[in-house]
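Work out the full structure: start from the sequences and follow the hints.
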Amino acid sequence: MINQIRSEWVKMRSVRSTLVMLASAILLAVGVAVIVGIQSNDRIDTASALIGVQIATMLFAVLGVQVIGQEYRFNTIRPTFSTVSSRSRVIGAKLITMLASVAVAGATLIAGAIGVAALIAKMRGIPFDLSSGDATRVIIGTFVSTLLAASFGYGIGAIVRQPIAGIMIALIWSLVAEPIVSGLLPKVGKWMPLSSATNLGGTEVLDNFLSPLAGGLYSAAIMCALVAIGSRRIATTDA
Amino acid sequence: MISARSLTKRYGPKTVVDDLSFDVQPGVVTGFLGPNGAGKSTTMRMIMGLDMADGGTATLNGRPFSELKDPMREVGVLLDAGYLHPTRTARNHLWALAVSNGLSKARVDEVLGMVGLSDVAGKRVGAFSLGMKQRLGLAAALLGDPSIIILDEPANGLDPEGVRWIRDFLSYLAMEGRTVFASSHLLSEMALMAQQLVIIGNGRLIAETTVSDLVTGATGAAVTVRAPRLDEFTVALAGAGASVARKHDLLKVTGWDTARVGRFAFEQRYELHELSQQAPSLEDAFLELTAGAQEYRTVSPVSNPSSTTRQFSTIGSPS
Numbered sequence: 006m007i008n009q010i011r012s013e014w015v016k017m018r019s020v021r022s023t024l025v026m027l028a029s030a031i032l033l034a035v036g037v038a039v040i041v042g043i044q045s046n047d048r049i050d051t052a053s054a055l056i057g058v059q060i061a062t063m064l065f066a067v068l069g070v071q072v073i074g075q076e077y078r079f080n081t082i083r084p085t086f087s088t089v090s091s092r093s094r095v096i097g098a099k100l101i102t103m104l105a106s107v108a109v110a111g112a113t114l115i116a117g118a119i120g121v122a123a124l125i126a127k128m129r130g131i132p133f134d135l136s137s138g139d140a141t142r143v144i145i146g147t148f149v150s151t152l153l154a155a156s157f158g159y160g161i162g163a164i165v166r167q168p169i170a171g172i173m174i175a176l177i178w179s180l181v182a183e184p185i186v187s188g189l190l191p192k193v194g195k196w197m198p199l200s201s202a203t204n205l206g207g208t209e210v211l212d213n214f215l216s217p218l219a220g221g222l223y224s225a226a227i228m229c230a231l232v233a234i235g236s237r238r239i240a241t242t243d244a
Numbered sequence: 055m056i057s058a059r060s061l062t063k064r065y066g067p068k069t070v071v072d073d074l075s076f077d078v079q080p081g082v083v084t085g086f087l088g089p090n091g092a093g094k095s096t097t098m099r100m101i102m103g104l105d106m107a108d109g110g111t112a113t114l115n116g117r118p119f120s121e122l123k124d125p126m127r128e129v130g131v132l133l134d135a136g137y138l139h140p141t142r143t144a145r146n147h148l149w150a151l152a153v154s155n156g157l158s159k160a161r162v163d164e165v166l167g168m169v170g171l172s173d174v175a176g177k178r179v180g181a182f183s184l185g186m187k188q189r190l191g192l193a194a195a196l197l198g199d200p201s202i203i204i205l206d207e208p209a210n211g212l213d214p215e216g217v218r219w220i221r222d223f224l225s226y227l228a229m230e231g232r233t234v235f236a237s238s239h240l241l242s243e244m245a246l247m248a249q250q251l252v253i254i255g256n257g258r259l260i261a262e263t264t265v266s267d268l269v270t271g272a273t274g275a276a277v278t279v280r281a282p283r284l285d286e287f288t289v290a291l292a293g294a295g296a297s298v299a300r301k302h303d304l305l306k307v308t309g310w311d312t313a314r315v316g317r318f319a320f321e322q323r324y325e326l327h328e329l330s331q332q333a334p335s336l337e338d339a340f341l342e343l344t345a346g347a348q349e350y351r352t353v354s355p356v357s358n359p360s361s362t363t364r365q366f367s368t369i370g371s372p373s
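These protein sequences, in sequence, are chains A and B. Take the first sequence: its letter number 55 is residue 60 in my numbering, and every next letter is one higher. Take the second sequence: its letter number 272 is residue 326 in my numbering, and every next letter is one higher.
To be clear, the hints were calculated from the coordinates, so they are not data collected in a lab. Certain hints may be false.
Some residues of chain A that are not near chain B, with every Cβ distance over 12 Å (derived) [as the list claims (entries may be wrong)]:
1. Q9
2. I10
3. A28
4. G120
5. I131
6. R142
7. L152
8. I164
9. P191
10. K192
11. L231
12. A233
13. I234
Cβ-Cβ distance ranges computed for the label pairs, FRET-style [claimed, not checked]:
14. B:D173 x A:R21: 19 to 27 Å
15. B:A160 x A:R237: 37 to 45 Å
16. B:A160 x A:S93: 26 to 34 Å
17. B:P140 x A:S29: 19 to 27 Å
18. B:N115 x A:A105: 45 to 53 Å
19. B:A160 x A:D139: 52 to 60 Å
20. B:D213 x A:I169: 34 to 42 Å
21. A:I131 x B:D173: 54 to 62 Å
22. B:A181 x A:I169: 21 to 29 Å
23. B:T270 x A:I101: 53 to 61 Å
Reference excerpt, derived from the structure (chain A facing chain B, CB under 7 Å, subset only) [said to hold, decoys possible]:
24. N8
25. R11
26. K16
27. S19
28. V20
29. T81
30. R83
31. P84
32. S87
33. K127
34. D243
Heads up, the beta-carbon is just placed ideally off N, CA and C, and yes, glycines get one too.
What follows is the structure in structure tokens.
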């Protein structure tokens, strides 16, 4: 398994799209933190500083789709499966590598955004409080959101096995379908997998959604189911 | 050794590989021949576990692919040179495959050198020509120094020098005792490259034979005769029971060898200006064998197909 994880890491870091994705996420996270820091009047709160990271979670969803979808788009899945006799080992190694990379990238983005916001707050002489319980929830919640989004993308990518279609589905689902359902049917909306995790890293805990813990666990369960369905499809169909 | 037993693959109602069984022995290059759509690539994918067989088994050195611990050390495969990520470098492409089987970076550089791609190892493969991709694919197949090598159209896209190189290379690999199984549409190349043949059509086994047996057994074998009194000689041969066909100033005799035709001419006091054995090509033998097994038929733009054996059609019955 270690060798397969190393292989997946080589694959991930050796294509341009991964580097473009990470560079975009850094620009987004830090850029938004700068804008928020400059625009804030009397104080900078943690959730606002991390808005860029929250938006960047969409890029991690795209990365999740790409990790598996590109293998099928360029047919490199065939050389991959011709060199490893266990497909589940490949699928597992891809997921572990992708989640580990997203965890490092997410933590780095959060640290970068907070660091930039804190620096601007200090320069402007306004407060930036990281010690409150709400700040802790926002930081941990934002971090978990990046992992959930990446898992969501991976699951979609594994099911459709086509990066363009996978990215379209992931983006339309998260940016269009869920917000519309949540807006029109709040009782249904709180059971939408991404909306249910809204309270994880939001500026305030909203009553019409599940609690941060329940929403996070529910969302994680849905993502696990998506990944399982996709993995099953990959393992049992022609490459 | 590769063994296929009753391999079967269906796509919906269509059976593309039908109860196919054959063995590929080590120490020789075995060609895998069949018309377009015969099921060659599907068979190779089933052997490698890429396509799920609807029936039957395929083993590599006695074990199915799914039971191989580090498959690259047992079997190297090149199914399509285009299976590459365009923005990945050649070295990274090989390194990603090698590391999954615990192979070293030094081995990656070694195989890049073997296929002549050391100078472009750091270049993105999207800019590679088909021939370079083919060489890279072959390098990937050789990474684990496997005892079995499976190649789908290995000469595809290579220039004449490359074709000769791959021919010599595969022969060398076979001489080392490896099992080499290669499909090709280039029958002239296959005639030079392979010793054994597995021929399929419509997903079924047509023949498992040697190149020489296939060619010898084909009905295109004939003796060509040029003689001043050709009309008389034609009648004499036909009267003696030979199957003859006449075209212009040439006579084709089938069913008799040169010695018998020469002796007959000598005994009957006919002067001959040419007496030569005309062997059918592998192409002739292949087309004869797979007639009726072609999924996509074409119509010749000329009345007489290119084969010289088919230019004689007036007398006798050459194929």
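Each hint tested on the structure:
1. Q9: violated (5 Å)
2. I10: violated (9 Å)
3. A28: A28 (chain A) clear of chain B: closest Cβ-Cβ about 14 Å, beyond 12 Å.
4. G120: G120 (chain A) clear of chain B: closest Cβ-Cβ about 31 Å, beyond 12 Å.
5. I131: Non-interface label on I131 (chain A) holds, nearest chain B Cβ at 44 Å vs cutoff 12 Å.
6. R142: At roughly 39 Å from the nearest Cβ of chain B, R142 (chain A) sits farther out than 12 Å, so the non-interface label holds.
7. L152: holds (24 Å)
8. I164: holds (18 Å)
9. P191: P191 (chain A) is indeed farther than 12 Å from all Cβ atoms of chain B, at 44 Å.
10. K192: holds (43 Å)
11. L231: For L231 (chain A), whose nearest Cβ neighbour in chain B is about 23 Å away, the distance exceeds 12 Å, so it holds.
12. A233: Nearest chain B Cβ is 20 Å from A233 (chain A), so the label holds.
13. I234: holds (18 Å)
14. B:D173 x A:R21: 19 to 27 Å: holds (22 Å)
15. B:A160 x A:R237: 37 to 45 Å: Once the Cβ atoms are compared, 38 Å apart, the range 37 to 45 Å for R237 (chain A) and A160 (chain B) holds.
16. B:A160 x A:S93: 26 to 34 Å: holds (30 Å)
17. B:P140 x A:S29: 19 to 27 Å: holds (20 Å)
18. B:N115 x A:A105: 45 to 53 Å: Once the Cβ atoms are compared, 36 Å apart, the range 45 to 53 Å for A105 (chain A) and N115 (chain B) is violated.
19. B:A160 x A:D139: 52 to 60 Å: With Cβ atoms ~54 Å apart, the hint holds.
20. B:D213 x A:I169: 34 to 42 Å: With a Cβ separation near 35 Å, D213 (chain B) and I169 (chain A) satisfy 34 to 42 Å, so the hint holds.
21. A:I131 x B:D173: 54 to 62 Å: Taking Cβ atoms as reference, I131 (chain A) and D173 (chain B) lie about 58 Å apart, which means the hint holds.
22. B:A181 x A:I169: 21 to 29 Å: holds (23 Å)
23. B:T270 x A:I101: 53 to 61 Å: Because 58 Å falls inside the window, the suggested range holds.
24. N8: Holds - the Cβ of N8 (chain A) comes within 7 Å of chain B, reaching about 5 Å at its closest.
25. R11: holds (5 Å)
26. K16: With Cβ-Cβ at 5 Å, under 7 Å, it holds.
27. S19: With Cβ-Cβ at 4 Å, under 7 Å, it holds.
28. V20: Check passed: Cβ of V20 (chain A) comes within 5 Å of chain B, closer than 7 Å.
29. T81: Holds, about 5 Å.
30. R83: holds (5 Å)
31. P84: It holds, given that the least Cβ distance between P84 (chain A) and chain B is near 5 Å, below 7 Å.
32. S87: With a closest approach of 5 Å, the S87 (chain A) hint holds.
33. K127: violated (41 Å)
34. D243: This hint holds: D243 (chain A) lies near chain B, its Cβ roughly 4 Å from the closest one there, short of 7 Å.
Violated hints, in rising order: 1, 2, 18 and 33; the structure is consistent with all others.
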